[in-house]
Amino acid sequence: MDWILLIKALCLVLVIEGLPLALAPERMRRAALELARLDGRILRVCGLLAMAVGAGILLLLRPGM
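For the sequence shown, position 3 (counting from the first letter as 1) is numbered 110 according to our numbering, and the numbering increases by one without interruption.
Rather than coming from a laboratory, the hints here were simulated on the basis of the structure. Be aware that one or more of the hints could be misleading.
For each label pair, taking beta carbons as the anchor points, the in silico distance ranges come out as [stated by the list, open to error]:
no. : residue 1 : residue 2 : range
1   : L117      : L155      : 18 to 28 Å
2   : L142      : G163      : 22 to 32 Å
3   : R144      : L112      : 29 to 39 Å
4   : A139      : L117      : 16 to 26 Å
5   : E141      : I111      : 35 to 45 Å
6   : L112      : G154      : 20 to 30 Å
7   : L140      : G171      : 10 to 20 Å
8   : L166      : E133      : 30 to 40 Å
9   : P170      : E133      : 20 to 30 Å
10  : G171      : P127      : 28 to 38 Å
11  : E124      : L167      : 14 to 24 Å
12  : K115      : M158      : 18 to 28 Å
13  : A159      : E124      : 11 to 21 Å
14  : L150      : D109      : 31 to 41 Å
Ideal Cβ positions, reconstructed from N, Cα and C, are used throughout, including at glycine.
Between the sequences and the hints, there should be enough to build the whole structure, so can you do that?
The following block contains the structure:
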């Protein structure tokens with residue numbers, strides 16, 4: 108495994124996660140409050156769906172396809 112690639116990917120995640128906080132902190136605060144009000148099952152399903160979509164996109168983008 109290319110560890111540099113993994114570190115670059117994690118850094119990109121941090122940049123993407125930080126953008127909304129830097130650009131619209133009050134909106135992010137409201138969004139966090141709304142998330143806190145949601146049922147745990149809904150959050151779990153959303154998380155699993157996000158992971159499945161991300162894994163699917165990674166599979167489509169892998170070299171040699």
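Verdict for E124, L167 (Cβ pair) under range 14 to 24 Å: For E124 and L167 the Cβ distance comes to about 23 Å; the hint holds.
C-beta pair L142, G163: status relative to the range 22 to 32 Å that was hinted: With a Cβ separation near 24 Å, L142 and G163 satisfy 22 to 32 Å, so the hint holds.
Cβ distance range 18 to 28 Å for L117 and L155, holds or violated: holds, 21 Å
Range hint compliance [Cβ, A159 to E124, 11 to 21 Å]: The hint (11 to 21 Å, Cβ to Cβ) holds, given that A159 and E124 are roughly 19 Å apart.
CB-CB spacing for L112 and R144 relative to the 29 to 39 Å hint: holds, 38 Å
Supplied distance hint 20 to 30 Å, evaluated on CB atoms of P170 and E133: Violated, at about 42 Å.
C-beta pair K115, M158: status relative to the range 18 to 28 Å that was hinted: holds, 20 Å
C-beta pair L166, E133: status relative to the range 30 to 40 Å that was hinted: holds, 37 Å
Distance restraint evaluation - L150, D109, Cβ atoms, bounds 31 to 41 Å: Distance hint for L150, D109 holds at roughly 33 Å.
Range hint 28 to 38 Å (beta carbons of G171 and P127) holds or violated: Holds: the Cβ-Cβ distance is about 34 Å, inside 28 to 38 Å.
Range hint 10 to 20 Å (beta carbons of L140 and G171) holds or violated: violated, 45 Å
CB-CB spacing for G154 and L112 relative to the 20 to 30 Å hint: Given a distance of about 24 Å, which is inside 20 to 30 Å, the answer is holds.
Consistency with the previously given hints fails for numbers 7 and 9, ordered from lowest to highest.
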